[in-house]
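Given next are the chains, with one letter for each unit.
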Amino acid sequence: MNAIKKTKNAANAFAKNWANFVIRYKWPVLIMTLLLAMGLGSQGKMEFDGDYHVFFSESNPELEAFDALQDKYTKDDNIIVVLAPKNGDIFTRKNLIAIEELTAEAWNTPYSSRVDAVTNFQHTSAVGDDLYVDDLSYDSANKTNEEIEGIREKALKEPLLVHRIINEEGSVTAINITVRLPGEDSAKEIPEVTIATREMISKFQEKHPEFDVYTTGLVPLNTAFFESSQKDLMLTMVMLLIVIIVTLILTRNIFATIATLFVVIFSIVSAVGFVGLNGIKLTPPSAVFPTMILTLAVADSIHILITYLQKWRKDGLDKKAALVESMRLNFMPVFITSLTTVIGFLTLNYGDVPPFWDLGNIVAFGMTMAFLFSTTTLPALMAIFPIWKPKAVKTNKEVTTSGYAKLGQYVVRQPVKLTVISLAIIGMLTYLATKNVFNDEFVEYFDNTVQFRQDSDFINENLTGFYNVEFSVGSGESGGINNPEYLQKLNDFEDWLEEQPEVVHVNAFSEVARRVNRSMHGDDQSFYKVPENREEAAQYLLLYELSLPFGLDLNNQINVDKSESRVTVTLQNNSSAEMIAFAERSEKWLRDNTPEAMNSIGVSPTLMFSKLGFRQADSMLKGNIIALLLISLVLMIALRNVKLGLLSIIPNVTPVLVGFGLWFLLKGTINTGMVIVFGMTLGIIVDDTVHFMSKFLRARRELGYDAKDAIIYAFETVGKALVTTTTVLLAGFIVLSTSSFALNSYMARITVIIILAALIIDFILLPSLLILVSGDKGKVETPSHVQVQLDK
Amino acid sequence: MKKYRIFTAAFTAILAISMSYGQSSEERGLQIAKAAEKADEGFGSSIVELKMTLKNKNGQTSERYLTTRTLELTEDGDKSLIVFDSPKDVKGTATLTFTHKVGADDQWLYLPSIKRVKRISSNNKSGPFVGSEFAYEDLSSQEVEKYAYKFLKEDGDMLIVEQDPVDPKSGYTRRVATYNKGKGYRLEKIEFYDRKNALLKTLDYSDYKLYKNKFWRALSLNMVNHQSNKETLLKFSEYNFGSELVDEDFTEVALKRAGR
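Line by line, the protein sequences are chains A and B. Quick note, the first sequence lines up with residues 1 to 792 if you use our numbering. Quick note, the second sequence lines up with residues 1 to 260 if you use our numbering.
A couple of the hints might just be wrong.
Computed list of lysine-lysine pairs in BS3-like fashion (alpha-carbon distance at most 27 Å, straight line) [said to hold, decoys possible]: (1) Lys588/A / Lys529/A; (2) Lys75/A / Lys196/B; (3) Lys154/A / Lys212/B; (4) Lys169/B / Lys203/A; (5) Lys212/B / Lys183/B; (6) Lys154/A / Lys118/B; (7) Lys188/A / Lys196/B; (8) Lys94/A / Lys169/B; (9) Lys169/B / Lys207/A; (10) Lys188/A / Lys57/B; (11) Lys529/A / Lys118/B; (12) Lys207/A / Lys196/B; (13) Lys209/B / Lys75/A; (14) Lys143/A / Lys55/B; (15) Lys203/A / Lys150/B; (16) Lys88/B / Lys529/A; (17) Lys169/B / Lys529/A; (18) Lys157/A / Lys143/A.
Simulated coverage check for chain A against chain B, where a stretch passes if three residues somewhere in it have a Cβ under 8 Å from a Cβ of chain B [unchecked claim]: (19) 125-137; (20) 524-535; (21) 546-557; (22) 722-736.
By construction, these hints were calculated from the structure, which means they are not laboratory data. Beta carbons: idealized from backbone N, C-alpha and C, even for Gly.
Sequences are here, hints too, so could you generate the full structure?
Structural data, given as structure tokens:
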């Protein structure tokens, strides 16, 4: 007991000395911290990265497989501009002229390497031994009505066009702009392309109001990532406003509010410096860091300020004494809660999704700085500012205090009952939590307010799919793609894929082989099959290669030594589980029906996102366990009680289970962003437990209360503070939940539920458990209200 | 393939060039192109074997061996016959091309596997030649009429001329060619700018050799695509100017025969 007292006294003395030092050197301290914040801030740089690749770590096997495929074939990004004429018919002279015009204009897109439209499609026809290769519709202005009718017929029969460039009805068409981004600076290249295409489209719409225009593709996807980062960054302003209002209401003091603003702004500026120094490029998940830091940092200041003002207003201490006392009382709790929050955020590094590493590290750094500024800048500023007597000191504190006390009394009367009920509810929700399924559909990362989502939905419904899976099917020998056996098996695979219900379009080399074979036989449909001998296939391929237009080469579909070819399957919108099931089904078909060399695994950005949630969950598991162990250890040390430290695991873990259980009832599907909430919220909600348990222990140890009185004491002393910080946290995460980006908004929504659940659990289950483990339920409940009041 | 003709020059042409000032840059550009064409006039016909090496962005390569026969024509574009010697499964495949000063070229293809000649009608000049970084329009005979010219600058013996394709189907907005005045107006380098006027490719000529004391032939042509980071290297064996080819060597029958 003596040793404990000693350490406690040591900590108290340290906090006191710290406070005295800060107050004595208030100006130097203020200037030093200002210089520190400005110095860090001057290194700050806010750069964004919109490339979807950022979501995948370098060791991600799906990314490796996808990169390997992109290394073998041409690596392209694209913009799909979809035109829907209001008259519902692509094939009118006027509309074809407009399409030709836009196609010509699209060649000017920066980094473009190829533009594919219905008009410049290379159509091959054969008459006897003469082959004619030409644009499907060139110089449409001079076409006769019969010719245009002919163009429609050819187009709607063309497997390379239907479901890719035009729909079956011929009422919607796409212009596919292939771009080859140098990939040196996506923050520069992607906006460059986006600005150019938007300008082109708005000019086109001005001239041709008879068309509705929609845009999708990988570049617009990247742009959407980009823009949602910037939009989410703007949420900071909303949160800043909320911080000002909340601080004003809670402290009723303008100087306290200004001081708080200094602390949070210094913390954010420092974090921005951290971003710049580490060369972090912001992505939608990491761009929310200022709002998070604001939310979490403001709590530190509020704790210190409320105690300070209370000591001065109510207890009549002078300004300096009140400040020192407030620092003495709050230094350790603020330190411990900051430490647990930092630990929680640092564990995000265990995940497999780099943007969340950045988020974790930036917020961890910001919180460290927030702790520093809350214990230096804040008291220094409050020492400098005059202190005004508020006009109305009258508070309804009596009422609330007794409200918390009443809740406490209610709990201590029936700890067993409450424990059983709580555990039953938690148990049920935990069961439901396991029923959630992962779903990372990247189109659905954006809500319906985002143009990219609206356009992509239209295109999915009316033209083609945005989701795809690719296979690199090998032949096992150089030049082997001309082996008739390989071609036949590839053809079988293509046929099988076409039969699958979710498939919209299949692009396979076997189709090319069939097409050229038919052309070489005077367009005889009975030769629309793969060639039967190797020389024939090889020579047809050479002919085909000779007929390819500008910007296209075989490498789109065939690797350099002609041993493998690429099969691209376009799919309808599918959930992650369906995507994975489709890929596995296809892989199985290849295993069952083709020689080993032809076995291949499906890869694509869609599939990578589909598996991202599972991968993140697996990798976060270790991080979560470490977070739990470390934070429990911190609690044991802070509370100086192993038993209660272990007990604290229950109120710290159960809110997450409750959160996901309720989420199942609300939504049922979870995404990658939500996987991080365990580690993240653990560091936040543990604060409630720390405050509650430390007050409980203080009552037991210092005041000699029995368990039940100690509970009531804890309710009365920290009840309000817990409700206050929970309110601030809820406000912050509710602001974040308005994000149009689902990785952020879902994460914020479940965090809201978890934080709320944590408060309820800390008010109901935790006190009940504390009474039960204390084992002195036999004692008669003594009204210790008076004593408690005296203690304040 | 007449294109190599303009890469070479004749001494007579140098004399023919007036270095008078007061010329517009368009006139001077055209003059240089004409001088280059004139310098290579009269080679008659040639046979050359070449190795085409395709290199992708990761450095993986594939090779093709071809034999090219070219017949010089003055009133219209040259005739050429290309035979693929390898890879094995396309051996004997051959193309016959009649380039025209105006309008689309005529092209025939012989496929030994089906033993038939196919005539191909295509406006596809901007497409790649058998997967290389060379487009048809880069390889076909370089008639003066195919471009509008603009002289840009002079750097020692080097004359830099912009060439704007007349054909709207060309894949380029312009080419910037470097002629070597001191070496019979042979070409040293061409830069190709795509339709959005961004640098697409650079072609470098090297290992020049002088034949018959008049015709410069580069035995090595390297085309680098700056956007896809792919390269194509053409390595020529010795040119044979002594074969005395005639019109009969450039017919459908000859095509079949050449392909075997």
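Quick rundown of the hints versus the structure:
Only pairs whose Cα atoms come within 27 Å are accepted, and Lys588/A paired with Lys529/A is accepted, the gap being roughly 25 Å. With a CA separation close to 20 Å, the supplied pair Lys75/A and Lys196/B stays within the 27 Å bound. For a cut-off of 27 Å, the pair hint linking Lys154/A to Lys212/B is broken: about 54 Å separates their Cα positions. Between the alpha carbons of Lys169/B and Lys203/A the distance comes to roughly 24 Å, so the proposed pair stays at or under 27 Å and holds.
In summary, the hint linking Lys212/B to Lys183/B is supported, as the alpha carbons are separated by about 14 Å, within the 27 Å threshold. For the suggested pair Lys154/A and Lys118/B, the alpha carbons sit about 22 Å apart, so the restraint of at most 27 Å is met. In summary, the hint linking Lys188/A to Lys196/B is supported, as the alpha carbons are separated by about 18 Å, within the 27 Å threshold. A C-alpha spacing of about 22 Å is found between Lys94/A and Lys169/B, which places the hinted pair at or below 27 Å, so the restraint holds.
With a CA separation close to 25 Å, the supplied pair Lys169/B and Lys207/A stays within the 27 Å bound. At most 27 Å may separate the alpha-carbon atoms for a hinted pair to count; Lys188/A and Lys57/B meet this at roughly 23 Å. A distance of roughly 20 Å separates the Cα atoms of Lys529/A and Lys118/B; the hinted pair therefore holds under the 27 Å criterion. Taken as a hint, the Lys207/A and Lys196/B pair is honoured in the structure, with Cα atoms around 22 Å apart against an allowance of 27 Å.
Taking the CA atoms of Lys209/B and Lys75/A, the gap is near 39 Å; set against the 27 Å cutoff, the hint is violated. For a cut-off of 27 Å, the pair hint linking Lys143/A to Lys55/B is broken: about 42 Å separates their Cα positions. The hinted pair formed by Lys203/A and Lys150/B fails the criterion: a straight-line CA distance of about 32 Å is larger than 27 Å. In summary, the hint linking Lys88/B to Lys529/A is supported, as the alpha carbons are separated by about 23 Å, within the 27 Å threshold.
For the given pair, Lys169/B sits about 33 Å from Lys529/A by alpha-carbon distance, which is inconsistent with the 27 Å threshold. As the CA atoms of Lys157/A and Lys143/A are separated by approximately 20 Å, the hinted pair is consistent with the 27 Å bound. Counting residues of the stretch 125-137 of chain A whose beta carbon lies closer than 8 Å to any beta carbon of chain B gives 7, which meets the minimum of three for the stated coverage. Given as covered by chain B, the stretch 524-535 of chain A passes the check, having 3 residues with a CB less than 8 Å from a CB of that chain where 3 are the minimum.
Check result for the stretch 546-557 of chain A against chain B: holds, 10 residues qualifying (beta carbon to beta carbon below 8 Å, three or more required). Counting residues of the stretch 722-736 of chain A whose CB lies closer than 8 Å to any CB of chain B gives 0, so the stated coverage by that chain is violated, three being the minimum.
The earlier numbered hints that this structure contradicts are 3, 13, 14, 15, 17, 22.
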